[in-house]
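Student: Chain by chain, the residues:
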Amino acid sequence: MKSRVAVVGAGMTLFRRRLLETGKELSFEAAKMALESGGATIGDVDSVVMGTAPDAFDGIHMKGEYLSDGAGGWRKPYTRAYVGGGTGVFAAVAGWWHVASGFSDLCLAVTEEKMSSCQPHPQYAFLTIFDHTLERPLRPNLLWIFALEMNRYMHTYSIPKEHIAMVSVKNKGNALHHPCSQLGAKITVDDVLNSEVIAWPVQLLDVSPTSDGAAAILLASEEKARELTDSPVWLDGVGWAIDSAYWTNRELAYPVYAEKAGRMAYRMAGITDPSKEIDVAEVYDPFSYKELHHMEGLQLCPRGKAPGLTADGVTQKDGDLPVNPSGGLLGVGNPIAAAGMMKVCEIFWQLRGEAGKRQVPDSPEVGLAHAWGDLMQFSSVVIMRR
Amino acid sequence: MDRVDRPQDIKYWYGGIDTAYRYTVGIAGERFFRELRDTGKILASRCHRCNEAYVPPRLYCVKCFSELKDYEEVPDDGWYIHTYSTARNQEGQRLQEPLIWVVAKHRHVVGGLVHRLTRASPVDVTIGMRIRPLPKEKERRIGSILDLEGFVPSQ
Ligand SMILES: [Zn+2]
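In the order they appear, the protein sequences are chains A and B.
The C-terminal position of the first sequence is numbered 590 in the numbering used here, with every residue numbered one higher than the one before it.
The C-terminal position of the second sequence is numbered 161 in the numbering used here, with every residue numbered one higher than the one before it.
Calculated from the structure, these hints are not laboratory results.
Be aware that a few hints might be false.
[Stated by the list, open to error] These stretches of chain B come out as covered by chain A in the derived footprint (C-beta under 8 Å, 3 or more residues): (1) 19-31; (2) 81-94; (3) 112-120; (4) 146-154.
[Claimed, not checked] Covered stretches of chain A, going by a simulated chain B footprint (3 or more residues, C-beta under 8 Å): (5) 331-340; (6) 355-364; (7) 399-410; (8) 452-464.
Glycine included, C-beta positions come from ideal geometry on N, C-alpha and C.
Given only the sequences and the hints, what does the whole structure look like? Please build it.
Tutor: Written out as structure tokens, the structure reads:
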């Protein structure tokens, strides 16, 4: 039988458009904070997982190896976990199996992205993720791919753009209280609806920024966790799944990959009704509509209902199901792999009652963190419990 | 950690990763692109076990993992818009005419193609609208996805 796994420490750097630190230095800062918050030193750590997304951002081929010493991997079992935008939460999943298998007592999972290196804009790196023969000759832009998905989603459930805009308003507002945030702001639905149209229906304020940053957690076996802290946060469920890379094959209105990953994690954590049992959720929100799309895939509400719940205030920090109290990628920033791990960190702080002004009320007990990536086809989910 | 408000204060070094590639189109891709170039038709590959045809064609069925050996022509009739997007910019350049991108699906096959919609105005485009592929004239076709001008409204 696998052993129970706890998160005992978390740390993250500022998320900014461009930071002075190299990727290694960012990794070091986040890793050091996670170790210190967990009351451990690098000598106590018996394995390291590094989560970092496409090499093309940092501009270093095989950057997992390059970043290894900054992440504390020197002369240790070290693994890079890489599933595109899903990497941040997947690094926590990979850390989980290092410990759950009995292999490690203490595993450090570090995530990093330094997107500012990519010139003239990281957007160009995304061109190379598409099929070289069927799609790349058309010069696909990542934003219009999401515009295609968003339009299908809006059409299928007759969703007003105003309801989607409320996600940006909420998340950027929540991020005002996050000490690391890049784009916390008080904005209105009209600001979103009047912002530049990038590729209809995606507008400028529907999109998260590109960022530099790092985040890390420290995972421990049950015995080690009890030794280190009185308030471990248990990683009771993990799930991940991938859909076809032929993205034109899918019904774009509904993220099946998120449902598969969510159900796997719920089963493991013994959760039968996620909409009632999850007290706080960090759902991947690189675009405003994706928070809603993913809430539905994750069974946090019925299909097509997430926009209405958002309009009714249910997902506000003090609502029945707070979603992205951190401020999400839209508000805190989106250094790809680090952004997913930031969500795991946020649930850790929320469940420990350490989220400061972002703290959701009523002492939440169960939280979910989710990330999404590859060619819009992958999801990773963790369920955390105090 | 410093909060850096002035990017020009950061020391930097310019560099690149200069690599070029020559990609093969693959076994199913050869069939697809040869057919498109020579006849202007779109091919699907069929899984007899799942009784489904896939576009773009592929060597294997993702569901039952059979090797697919049979190819068939996808009729020009039956294509429709699964979703679309319009943009006035591409790669930072402002365009005279907005681009319309569609995910084109077909009633009788699984899958679809992403491509441009041409000979249509953005205001007239709707999800579900019937469309058909428009190949370039034969002498301009080279065995590329760009052998299609794109899709056009059926009417
Ligand atoms: Zn089959």
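Student: Does each hint hold? Answer for all of them.
Tutor: Now the hints, each set against the structure:
{"no.": "1", "hint": "19-31", "verdict": "holds (count 7)"}
{"no.": "2", "hint": "81-94", "verdict": "holds (count 7)"}
{"no.": "3", "hint": "112-120", "verdict": "holds (count 5)"}
{"no.": "4", "hint": "146-154", "verdict": "holds (count 3)"}
{"no.": "5", "hint": "331-340", "verdict": "holds (count 4)"}
{"no.": "6", "hint": "355-364", "verdict": "holds (count 3)"}
{"no.": "7", "hint": "399-410", "verdict": "holds (count 6)"}
{"no.": "8", "hint": "452-464", "verdict": "holds (count 3)"}
Violation of the numbered hints given earlier is absent; every hint is satisfied by the structure.
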